[in-house]
Amino acid sequence: MVYTPSASGLTRDLRAELGETGDMRRGSGLRDPERHLAGRPAPQRQAELRYLRADASIVTRQHAVPMHPVFDAAFSAFARGTLIATTRGPVAVEDLDPGDKVVTNERGPSPVLWIGRMTWGGQHDDAFQTQSGPRLTRIRTGALGLGRPLADVLTGPGARLLHRNEGRPGEGGTGRMLRPIHDMIDGTHVISLSPPGEVELYHVGLRRHATITAAGLDFETYHPGPGFETQMTLQQLALFMQLFPHTMRPADFGSLVHPRAPLGDGGRAVA
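Reading the sequence shown from the start, the letters are residues 1 to 271 in full-length UniProt numbering.
Don't read these hints as lab results, they were simulated from the structure. As the structure is a prediction and not an experimental result, all values here were calculated from the model. C-beta: ideal position from N, C-alpha, C; glycine also. It is possible that some hints are incorrect.
[Claimed, not checked] Here are the simulated distance ranges between beta carbons:
no.	residue 1	residue 2	range
1	D186	V59	37 to 45 Å
2	L144	T87	35 to 43 Å
3	P262	L144	16 to 24 Å
4	P196	P111	32 to 40 Å
5	L144	E94	22 to 30 Å
6	N105	A56	23 to 31 Å
7	N105	V59	25 to 33 Å
8	P196	Q46	16 to 24 Å
9	L146	P195	38 to 46 Å
10	P259	R61	18 to 26 Å
11	E94	P196	18 to 26 Å
12	G187	P226	30 to 38 Å
13	P245	R80	29 to 37 Å
Put together the whole structure using the sequences plus the hints.
Okay, structure coming up:
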């Protein structure tokens, strides 16, 4: 049996490692892990998360999170204005609430458990402005077929699209897999963008990994990916798990509903 630490266990171990004095993150009881590791403030972004509690109430929290591939991917799939298919019709992602039922392609209606939001770009986002940093991707109307998408869609580096895998070597022949949007850039129908201003990006989490329809395309809901914790220090993992109150340990995210390709260096994350 492989031992997987719980969120409370990670916090306890982290406090034991760092001690109870020093620079503590307000409201979390944890030191800033990047400050501790580097001896100076590391680049961060402000993130907002909203989640559904067991009593059906909605909680909103603000966090400062490090610019790290796994953290970035958790908040960067859908741009503001993207229409998500729900049981009450298409709803802009910014108007979704935890508890709303989105229509999944695997299990039908499923309540939204978690919504993450982060602002990307602008003159103060140094990582976004660099050539090696993450980019946004615009999929033009009808780029992937009639009504796919129904209108131009702007996605972040954390977005993956369900598509038919045409027998790539080592991938078991035909079938469906989740593919990073930035891998589909052709410069004409799917283009890379670096907007001069700020852009609000979102991701949506359900109890179980699934695909949902946005503007006529099938995108995955949030899942950090098997083994994501191996990409993080103990401090980073403790902070990351605090962003998902419905989980106690990495294994609680469950399995992937479809095979998926890693986001890779271009998306600043690997699944």
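Tested hints:
| no. | hint | verdict |
| --- | --- | --- |
| 1 | D186 <-> V59: 37 to 45 Å | holds, 41 Å |
| 2 | L144 <-> T87: 35 to 43 Å | violated, 25 Å |
| 3 | P262 <-> L144: 16 to 24 Å | holds, 21 Å |
| 4 | P196 <-> P111: 32 to 40 Å | holds, 37 Å |
| 5 | L144 <-> E94: 22 to 30 Å | holds, 24 Å |
| 6 | N105 <-> A56: 23 to 31 Å | holds, 25 Å |
| 7 | N105 <-> V59: 25 to 33 Å | holds, 28 Å |
| 8 | P196 <-> Q46: 16 to 24 Å | holds, 20 Å |
| 9 | L146 <-> P195: 38 to 46 Å | violated, 28 Å |
| 10 | P259 <-> R61: 18 to 26 Å | violated, 32 Å |
| 11 | E94 <-> P196: 18 to 26 Å | holds, 21 Å |
| 12 | G187 <-> P226: 30 to 38 Å | holds, 33 Å |
| 13 | P245 <-> R80: 29 to 37 Å | violated, 24 Å |
Violation of the numbered hints given earlier is confined to hints 2, 9, 10, 13; the remaining hints are satisfied by the structure.
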